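Please model the complete structure; the sequences and the hints are all you need to start from.
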Amino acid sequence: MKTRRTTFLLIGGAAVIAVISFLHYYLIFDLSIILPRSTPLTREILDQSLALGTQFMLNNQKPEGSFNYQYDWIQKKQIEGDNQVRQAGAMWGIALIYHDQPTPQVGMAVEKAMAFFEKHSELTPAGARYIAYPNASTGKTGTVALCALAYIDYLRAAERNISEERFLHHRRRLDEFLQFLLDARTEENLWHRNYRISDGQPFGKNMPYFDGESLLVLVKSAKYMGRSDLKQVIFDTAEAGYRRNIRDALQEDRDSWITKGYYQWSSMAFFELATSGWQDTEKYGDYVLELADWMIDVHKTLRRTRNTGYAYEGIIHAYELAVQRKETERVRKYARVIDIGLGKLTSWQVGSPTANRFIRRHPTGDPLAVGGVQDHRKKAPLRIDATQHQMHAVILARRYVYK
856 MKTRRTTFLL
866 IGGAAVIAVI
876 SFLHYYLIFD
886 LSIILPRSTP
896 LTREILDQSL
906 ALGTQFMLNN
916 QKPEGSFNYQ
926 YDWIQKKQIE
936 GDNQVRQAGA
946 MWGIALIYHD
956 QPTPQVGMAV
966 EKAMAFFEKH
976 SELTPAGARY
986 IAYPNASTGK
996 TGTVALCALA
1006 YIDYLRAAER
1016 NISEERFLHH
1026 RRRLDEFLQF
1036 LLDARTEENL
1046 WHRNYRISDG
1056 QPFGKNMPYF
1066 DGESLLVLVK
1076 SAKYMGRSDL
1086 KQVIFDTAEA
1096 GYRRNIRDAL
1106 QEDRDSWITK
1116 GYYQWSSMAF
1126 FELATSGWQD
1136 TEKYGDYVLE
1146 LADWMIDVHK
1156 TLRRTRNTGY
1166 AYEGIIHAYE
1176 LAVQRKETER
1186 VRKYARVIDI
1196 GLGKLTSWQV
1206 GSPTANRFIR
1216 RHPTGDPLAV
1226 GGVQDHRKKA
1236 PLRIDATQHQ
1246 MHAVILARRY
1256 VYK
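Residue numbers (this note's numbering): 856 to 1258.
Please note that a few of the clues may not be correct.
Once the Cα atoms are required to be at most 27 Å apart in a straight line, the calculated DSS-like pairs of lysine-lysine come out as [said to hold, decoys possible]:
1) 1115 to 974
2) 1258 to 1233
3) 931 to 1155
4) 1138 to 1086
5) 1155 to 1181
6) 1233 to 932
7) 1075 to 1115
8) 1234 to 1075
9) 1086 to 1060
10) 1075 to 1060
11) 1181 to 1138
12) 1075 to 1086
13) 1233 to 1155
14) 1258 to 1234
15) 1258 to 1181
16) 1234 to 932
17) 917 to 1234
18) 1115 to 932
19) 1075 to 974
20) 1181 to 1078
21) 917 to 1078
22) 1078 to 1155
23) 1138 to 1155
24) 1115 to 1078
25) 1234 to 931
26) 1115 to 1138
27) 1138 to 967
28) 1060 to 967
29) 974 to 931
Here are the simulated distance ranges between beta carbons [as the list claims (entries may be wrong)]:
30) 1037 to 959: 42 to 50 Å
31) 990 to 1056: 13 to 21 Å
32) 1133 to 1208: 19 to 27 Å
33) 1133 to 1254: 18 to 26 Å
34) 1106 to 990: 36 to 44 Å
35) 1020 to 914: 28 to 36 Å
36) 1152 to 1056: 36 to 44 Å
37) 894 to 1083: 30 to 38 Å
38) 1056 to 1110: 19 to 27 Å
The hints are simulated quantities; they were obtained by calculation from the structure and are not laboratory data.
What you are looking at is a predicted structure, and each value in this text was computed from that prediction instead of being measured.
Note that the Cβ used here is the ideal one computed from N, Cα and C, for glycine as well.
Next comes the structure, spelled out in C-alpha cells:
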C-alpha cells in the first residue's frame, strides 16, 4: 500500500510540475491559453491590414495636410485634442508606407503633410529649422525628429518619382532639421525635450522618447543620406542613451517607464547600427536582442491591455538579427510573440477580416473608421498614432517575418 501511495504521489507530483512548467512557459508570453486565441497571422492578412491602414491614414488627412487626431467611430464624432509629436509621427507613417509601396496617391499625401509642417516652421539665427506648431506654447524636440524621419524615408524612395528641384528642396529641409537636432543636445549627449517657439532655443531635461527618435534620425541620415560626418556624434549619443535610458533606468526599476519610452526607437537605431557594416558595431545588435527579451519577459508586452504596436517595431528587428545570427531559440521565441501579439492587434482593426467580436458587432463602411486601429479591444476611439505605429509594425513583419 505504501509503495502504491508513493508511486501515486510521484506521478501526481510530476503531473503538477509538468502543468506548472507548461503554464510558466506560456504565461511569460501571454494569457493566450486562457483567453480566445487570435487567428494566426499570414502574409495575406498583413497585406490586407496594410491596405486598410493606408486608406485610413489617407482618409483622415485634412485638406491642410495634418490629420484627424482621434475619432470615435461608434459615435461618429471627432474627439477634441491634438498632439504635435503624434501629428509628425503620422507624416512619418505615411512616408514609411510610401517607402514600402511608392504609389502616387500616398506620395501626394506625404507632400501635403510636408507642406503643412514647412508652413509651420521657422529658422533659428544659425539656420536650423524647427516646427512652430499651431497654438503650441512650446516646441517638442520629438516633433522635429519625426519630421526629419519622414523626409529621410520619403527621399529614399522618391528620388526617381519627383523632380530634381523638388528632391533638392526636401533635402535642404532635412539638413536644416538635422542641424536643429545637433544644436539641441544636452551636455550629457542626450536631447533637450523642449524649445522656445519664438526662437527655437532648446531647454529642459531629456525625454527618453525624444532621445531615441533623435538618435534614429542621425543614424539613418548617416547610413542612407550620405551624412558620414555624423558618425562620432552617433556613437556618443548612442552610448549616452544606453547608459541613461537602459542601464541606469533598469537598475532603478526593472520595468522602467524610461526604458519603455526609449525601447522601440533605440531598437530601430541600434539595428541600423548593427547592420551598417561600420567598425565595432556588433554590440548594438546585442542591445537590440537584450531589449526584445526585456520587452517580452519583464515588461510582458503580451499581457498589456492597450495597443502595443510600438513593441513590434523593436521585436521584429530583434527577430531579423536573431535570424542573421542563427540564434534558433530566440527566433522561435520572437516569432511566437509576433504571431500572437500582432495577430491580436490586427483583430482590433476596423474592417479587418479577423476583427474581434466588439468590432464585428458594429459593422460600418465609414471611410473615417475603416482601417483604423483601436487602442483597446473594446474601446472605439481611433487615434492616428496607434494606426501609424501598427502599420509600421505590419510593414516590418511583411519584410522580415512573413515574406
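Practice problem: Would you list, in rising numerical order, the hints stated earlier that this structure does not obey? | Solution: Violated hints: 1, 2, 3, 8, 14, 18, 21, 22, 27, 28, 29, 30, 32, 37 and 38; rest satisfied.
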